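Number of protein chains: 2
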Amino acid sequence: MRNQRIRELRSLMKERGIDIYIIPTSDYHQSEYISDYFKVRQFITGFTGSAGTAVVTMEEACLWTDGRYYIQAEKELQGCEFKLYKMGMDKVPTVREYMKEYISRHTEKYNKCIENDVINNVENHTGQSSSPKICIGFDGQVLCARDGVDYERLAEENHACIYCEEDLIDTLWDNRPPFPTSQAYVLEEQYSGKSTADKLREVREHMNKQKADIHVLSDVCDIAWLLNIRGDDIRHVPVILSCLLMDMDKCCWYVKKENLNQKVLEYLSDNHIEVREYNCIYQDLHKIKGKKLLADLGRINYRMKSSINTELIDAVNPEQLLKAVKNPTEVENIKAAHIKDGVAVTKFMYWLKHTIGTQTITEMDAAKKINQLRSEQEHYIDISFDTIAAYGENAAMMHYEADESCNAILEPKGFLLVDSGGHYLEGSTDITRTFALGELSKEEQKMFTAVVRSNLNLAAAKFLYGCTGENLDILAREPLWELGVDYRCGTGHGNGYLLNVHEGPNSFRWRIQENIPRAAVFEEGMITTDEPGVYEEGKYGIRIENELLCKKGIKNDYGQFMEFETITYAPIDLDAINVEEMTLKEKNSLNDYHKKVYETISPYLSEDEREWLKDITRKV
Amino acid sequence: MRNQRIRELRSLMKERGIDIYIIPTSDYHQSEYISDYFKVRQFITGFTGSAGTAVVTMEEACLWTDGRYYIQAEKELQGCEFKLYKMGMDKVPTVREYMKEYISRHTEKYNKCIENDVINNVENHTGQSSSPKICIGFDGQVLCARDGVDYERLAEENHACIYCEEDLIDTLWDNRPPFPTSQAYVLEEQYSGKSTADKLREVREHMNKQKADIHVLSDVCDIAWLLNIRGDDIRHVPVILSCLLMDMDKCCWYVKKENLNQKVLEYLSDNHIEVREYNCIYQDLHKIKGKKLLADLGRINYRMKSSINTELIDAVNPEQLLKAVKNPTEVENIKAAHIKDGVAVTKFMYWLKHTIGTQTITEMDAAKKINQLRSEQEHYIDISFDTIAAYGENAAMMHYEADESCNAILEPKGFLLVDSGGHYLEGSTDITRTFALGELSKEEQKMFTAVVRSNLNLAAAKFLYGCTGENLDILAREPLWELGVDYRCGTGHGNGYLLNVHEGPNSFRWRIQENIPRAAVFEEGMITTDEPGVYEEGKYGIRIENELLCKKGIKNDYGQFMEFETITYAPIDLDAINVEEMTLKEKNSLNDYHKKVYETISPYLSEDEREWLKDITRKV
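These protein sequences, in sequence, are chains Y and G. Read in order, the letters of the first sequence correspond to residues 1 to 620 in my numbering. Read in order, the letters of the second sequence correspond to residues 1 to 620 in my numbering.
Wrong hints could be hidden among the right ones.
[Unchecked claim] Taking lysine-lysine and the DSS-like style, the derived pairs with C-alpha atoms no more than 27 Å apart in a straight line are:
(1) G:Lys446 x Y:Lys462
(2) Y:Lys442 x G:Lys585
(3) G:Lys555 x Y:Lys91
(4) Y:Lys587 x G:Lys446
(5) Y:Lys442 x G:Lys555
(6) Y:Lys555 x G:Lys91
(7) Y:Lys585 x G:Lys442
(8) G:Lys614 x G:Lys369
(9) G:Lys86 x Y:Lys555
(10) Y:Lys446 x G:Lys585
(11) G:Lys446 x Y:Lys555
(12) Y:Lys585 x G:Lys585
(13) G:Lys614 x G:Lys446
(14) G:Lys413 x G:Lys442
(15) G:Lys462 x G:Lys585
(16) G:Lys552 x Y:Lys446
(17) Y:Lys587 x G:Lys619
(18) G:Lys587 x Y:Lys619
(19) Y:Lys100 x G:Lys292
(20) G:Lys595 x G:Lys353
(21) Y:Lys462 x G:Lys585
(22) Y:Lys619 x G:Lys585
(23) G:Lys587 x Y:Lys585
(24) G:Lys211 x Y:Lys100
(25) Y:Lys91 x G:Lys211
(26) Y:Lys585 x G:Lys446
(27) G:Lys442 x Y:Lys555
(28) G:Lys539 x Y:Lys555
(29) G:Lys552 x Y:Lys91
(30) G:Lys462 x Y:Lys587
(31) Y:Lys91 x G:Lys209
(32) G:Lys462 x Y:Lys446
(33) G:Lys539 x Y:Lys462
(34) G:Lys91 x Y:Lys551
Simulated from the structure, these hints should not be mistaken for laboratory data. Computed from a prediction, not measured in an experiment: that's the story for all the values here.
Isolated chain Y, as found in the complex:
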């Protein structure tokens, strides 16, 4: 069936004179997670992972994906024409390099044909009578503007051209899921901590600084933050698919009418926010003339970019930094959310430790249990991402999710890794614990202890204002690097407030890459996950994830010192730790943390649970 789809796509490509068709994984807003409506790449390839790019030519069908998905993609591509390109592996070309090579190879071929033909008989699809050009096709609405501009340059430099007016897959896709239109709702100021009016004022101050007259937004999280409005258009990301255009006086929200109810309309009207039809953003952008437009080319689509007729200031959306620095109300709320979360995780651990070996538990049972405990908390809205409950070697796959076809039964030995989180009115959480279910190997204990040390060492950092995640990352990594072990991902990421649990611009990571913006300087109020791990294929996976709130420390002649407060409250499994491998400082850190966990969580537990918590948070 997938090969049939490829054939149909090629015939559409032929009709339009397209030689290379690119299918990224994205919606119209460059969202990290996408609604089913946008799962075009999955439709054509059958690969269900969250990241990847498909490229179809007349000769080949290829899929690029990263290290998280090598194994899964190989499995899912079986039986279809798609060939897997493992991004990041030695000698594997990037999509761009692949295209470049394709264009140059075929341009030569064309040119040879022309020598034999009469030149004027050949007309390429652009209607120009010059020599024919290789044509790169893609849906301009789903390609990131920055990539589109890059492909434009590639085309220009290699005498190729671009066709981006159509979503070719749409024609092939019977029973395509509907475009999402969930109900929008207002996030009250007791939760958001800042009014929309104040946020608009702050954004306008930034526009002023950057000498911008007008500002376009397409990032759904930036818009949700700015308008204090949430929805449910993307699974586990409580947002509304929409765009926004604002100048110094006016603010227009481009959104489907179906998303809005009377209460939201009144709220918008009170805030002088005009509502316009979702699709009008392109024509409205096109009409702007003689103004300086602030647009983040990494966060708008290529069709939007192509609609711009006025001077462009390409800069990161000011909303990115503004929403990453949580205001005091948000901080207090998020701490409250973490207490609820800690209660759920602690109760889960109690259940797990008391049930394992007495009745059958599968990975899916474990996930269901923790989701259930979380949903019982006040102001719970949703889980914040699909729960990962991975047993034994399954946990070595960082983004494993059990399903009917693969659902391990937990045995009273080895590790269960549970990575989960919740959306509450008080914010979003993301926490990982790895539990010993029984006997552990020496290696498992050693690695677990190293991961705990990593986690604690980063959390204990004291640093001068100005440091970024690239400066601090090694504090987490050193205990593992000393053992010749690494985790092939960053150490942590920012977390949204009732938004995407992956949020920039703060993060912990060490590689400084040329084309990727640097991690942000840590500001008071930023919250970043601290999640080192060890993943040994075919053996086990360990991860301990807490969230760290950045705070000001002492200030003196040397400058402003900064530090972290851990705001995740759940026990770290002492059954898996070899205390002898920890320094005194690390032991003190662990004891202090466990004391805080007990004090914070115990009031919400039953007598039995409390007794047990006392014991498992004992001093080491």
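For chain Y, the structure is supplied; the task is to place chain G on it using the hints.
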């Protein structure tokens, strides 16, 4: 007298229509250290520090310098018109900002004048009859090309113009020191480890990669490395002031005839290196047409840049990385140099510890003593920089140098900081030790212990290939940051082989600044200093400096791990350490290091010295 010089300069400026005259600290080659001939900024300001920029307008005379020199500059500027701008302090404008403000302020004034005048009566110095322009002046031969291009842009954007054909100070400077013309000599292959032919081949490979036809060099250390030739044109930097132009076949060295003797000429001839007159570089650059020229705008002067008429590839000189990665012969030689150095420093420590309190020692005596001990080593050529021997609070000034007017007498208490190094045929060294001369305060002990921990922690780093000094720096800084203390400089720098002891592109530092190239990825064979410190104004200064050789560690599925070998061998003063504040791992590191020091250095000592060394390198 200095005010008289300023008056004379202004009258020269007036004659030429110059409004702002910039005097950087540089020679024609953007060298860090400069010969007396080039001390133009010192001549006009009286400020003797190694870094700073003077700017003279009709209204003001200003000097910019950095934190190392605030105190010294304030003192030395007394009684003259120069006003001090403290670079890096809040709200202090940069030279560029100052100029921009000056230009815009005066352009307004001019425009006002013109409104009252008849426009055509006014002619600016360029001879054009348009409105008069503010003119920025400087000697194009001493300004870095990158700064020149920046000032060009500044001028363009602000309707100003540039005058750079003359060194105005030369006219004022009676008895200017002569242009340096020391004797060049060949560094034999047993020391350099690689022939000039091989080095030329490697550079040409890089040129090929960058699609360059021709390559110009003005960095005197890059040239010395490439040609395996050394000299003595700059105090303590054994190089010849010269330029070099090479393509795929030919290589021309632009050098003063006075620098060359018959042996060197023969060597050059054997290597097919053509000798051309030093000053011909400008006309020869000018003649190049239709080629791609690789030139590092940060390492050529503005006059050279202005002479270029062909396509420019502005990239870091490939020699920078090539010379930073020491070849195996160099590594072995450098280790041998460090043994000699360690013997000198250990003997100095023995002398110091046995002499303090029994006879009068001044800072200058101490410097003289260590210089003497170093000069007794085989193949010694020179000290590699002016020895810093700073007692007590003097050591809080990072770049303190005692002289007749300020030469403290050492007392049997507190710290003596000695930062010194040597040039040998086997390479250059840079080492700092801080010695307890008697009783110490609790704070002094605490800080000394923290500095030792900093030094050892960085040296013990294990890290994946790809890390830079920005990733690793915090390993050194964390023990001090935990105490709310910092040192206001990088943690370490690369070191040349019988060249400048400050060498890029490897370094340890944490601030990632936009306009400064990032520190290089650590490669096997790079040598970097590890020199954390604490500097408390009016109290004390502590610094411990070792050199670290980067080596490959284990390689596995996670990648290539890297580590350091400490190649400086001299005792760290146990009299100043509070062992209780060290972790077990740190104590082991210190013991391992001291064991190696004893084993390496003891064979070169007298019986008494050896007994004493045994004791002061004892296990803690």
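Check: Going through the earlier hints one by one, which of them does the structure break, listed in rising order?
Finding: none
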